[in-house]
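A.B. asks: For reference, the chains in residue letters:
There are 2 protein chains.
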Amino acid sequence: MDLLNQHVSVRKFSDRMITPELLNRLFVAGARASTTGNMQLYSVVVTRDQAMREQLAPLHFNQPVARTAPVLLTFCADFNRFVKWCEVSGASPGYDNFHSFLTAAIDALLMAQNVCIAAENAGLGICYLGTTTYNAREIIALMKLPQLVVPITTVAVGWPAEQPEQQDRLPVASVIHNEVYHDYSAEEVLAYYSFKEQLESSRKFVAENGKASLAQVFTDVRYKKADNEFFSGKFLEVLKEQGFLK
Amino acid sequence: MDLLNQHVSVRKFSDRMITPELLNRLFVAGARASTTGNMQLYSVVVTRDQAMREQLAPLHFNQPVARTAPVLLTFCADFNRFVKWCEVSGASPGYDNFHSFLTAAIDALLMAQNVCIAAENAGLGICYLGTTTYNAREIIALMKLPQLVVPITTVAVGWPAEQPEQQDRLPVASVIHNEVYHDYSAEEVLAYYSFKEQLESSRKFVAENGKASLAQVFTDVRYKKADNEFFSGKFLEVLKEQGFLK
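Quick note, the sequences are listed as chains A and B, same order.
Last residue of the first sequence: number 246 in the working numbering, and the count goes up by one each step with no gaps.
Last residue of the second sequence: number 246 in the working numbering, and the count goes up by one each step with no gaps.
Read the hints as simulated data drawn from the structure, not as lab findings.
Do not rely on the hints blindly, as some may be mistaken.
All copies of an identical chain are treated as equivalent in the list; a pair is satisfied when it fits inside any one copy or across any two copies.
[Said to hold, decoys possible] Think about it this way: if two alpha-carbon atoms lie no more than 25 Å apart in a straight line, the pair counts; the simulated PhoX-like pairs of lysine-lysine are: (1) Lys246 x Lys144; (2) Lys12 x Lys225; (3) Lys246 x Lys234; (4) Lys211 x Lys12; (5) Lys196 x Lys240.
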């Protein structure tokens with residue numbers, strides 16, 4: 001539990017290689033994660049090659065960590081392998097639908113988190129790239145992902161060259177509900193977020209962006225309505241292109 | 001890493017209670033999971049109450065574990081709290097779209113897996129219920145989930161009263177791709193799945209269901225095309241009802 005409680009995202013890595021043996025151990029531990037009906041509806045694409053990393057980085061909006069990490073792991077919802085098995089086994093698969101996509105995405109994310117915890121347990125540093133769903137189409141093309149395979153998240157992994165401070169979290173009571181959802185009054189929301197708003201880093205963020213509140217940095221700069229809507233449409237098209245919205 | 005490698009799903013639990021303090025520690029560790037932009041786009045609804053468990057069990061198709069577990073944790077993608085914070089902070093949120101749902105679902109799943117690992121580390125047993133997305137609408141009604149909150153997965157937790165054998169997994173090489181996706185030939189698929197097909201439990205499964213192959217048990221009995229399509233439509237309607245497909 002200490003390991004989980006010490007988690008930080010690492011964005012600077014040393015030159016030290018991750019051996020294939022270690023990477024393999026991470027995947028073995030990853031594949032132990034719970035999976036729907038033991039179907040293991042995921043694949044992981046490992047990016048080490050310098051030329052591939054150069055092509056992948058702009059698809060992650062050139063976040064520095066997408067270039068500096070020695071290894072990028074792209075976790076994909078994958079019904080292709082399972083469907084191929086059905087087809088060679090005289091079975092008629094019916095997994096070209098949204099429900100099946102969601103099932104596979106859940107599988108892929110539980111595996112991803114297991115891999116991250118195994119990595120941290122081995123002394124490695126990790127950082128999730130939340131940008132995978134933005135440019136899923138381009139990642140699909142680059143990695144030659146077939147029908148019924150869609151990338152969901154990417155993890156940068158390497159030996160850490162920094163020890164960042166932990167980020168704040170909301171009071172745990174704010175995300176837990178007993179028996180039924182207790183909706184938030186304005187006062188409760190303000191109380192829960194006040195610690196975050198008063199952080200030196202938050203104040204700096206607000207000032208740098210010339211905004212009136214921390215929330216405005218999120219809505220006006222980081223996660224904008226127009227972008228969210230654009231990428232919603234794009235991702236739903238990708239699901240259709242990959243055969244998950246027939 | 002040993003802890004991850006020893007994972008089994010536990011479906012029988014002793015009468016021993018989980019103390020609120022221990023549950024709280026699991027949530028603290030859970031909330032340490034990576035989260036998009038540190039937004040923590042999730043909520044967890046804790047079901048302990050007997051009457052609530054009785055109402056929840058049929059929504060999980062009366063899987064025995066949904067009744068026998070002392071605690072059920074329903075992990076939800078939640079943009080409601082964040083949006084409420086935006087609104088009281090003079091910010092204009094734009095999170096009523098599919099992209100935002102997916103982002104929140106990813107957050108919720110990484111947190112869920114952290115909670116599971118923390119639970120196992122404390123000696124508890126866990127079992128995921130993959131049925132949450134089937135009856136999301138009814139779970140929303142029962143737990144009074146507001147707009148922009150959608151349940152994604154449920155975890156049964158308790159002190160184990162059994163030590164099940166580990167389930168098989170595919171050879172790890174079958175789920176890993178270097179640089180680009182290596183699509184599977186019929187021979188490769190058969191080789192990867194042969195171990196699973198030859199298991200005593202698989203053969204029994206095939207015989208009991210009167211099928212010609214293990215894959216047919218999946219396509220014809222466990223995860224049928226008509227069901228998948230029905231629940232695809234239903235879940236997309238739920239996303240619309242909850243304000244995530246505007």
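A.B. asks: All hints, please: hold or fail.
C.D. replies: Tested hints:
1. Lys246 x Lys144: Close inside one copy (21 Å), not across copies (32 Å); limit 25 Å.
2. Lys12 x Lys225: Neither, since 31 Å and 46 Å both go past 25 Å.
3. Lys246 x Lys234: Classified as both; 16 Å inside a copy, 15 Å across copies.
4. Lys211 x Lys12: neither (29 Å within a copy, 53 Å between copies)
5. Lys196 x Lys240: Neither: 39 Å inside a chain and 31 Å across chains, both beyond 25 Å.
Of the numbered hints stated above, those contradicted by the structure are hints 2, 4 and 5, listed in ascending order.
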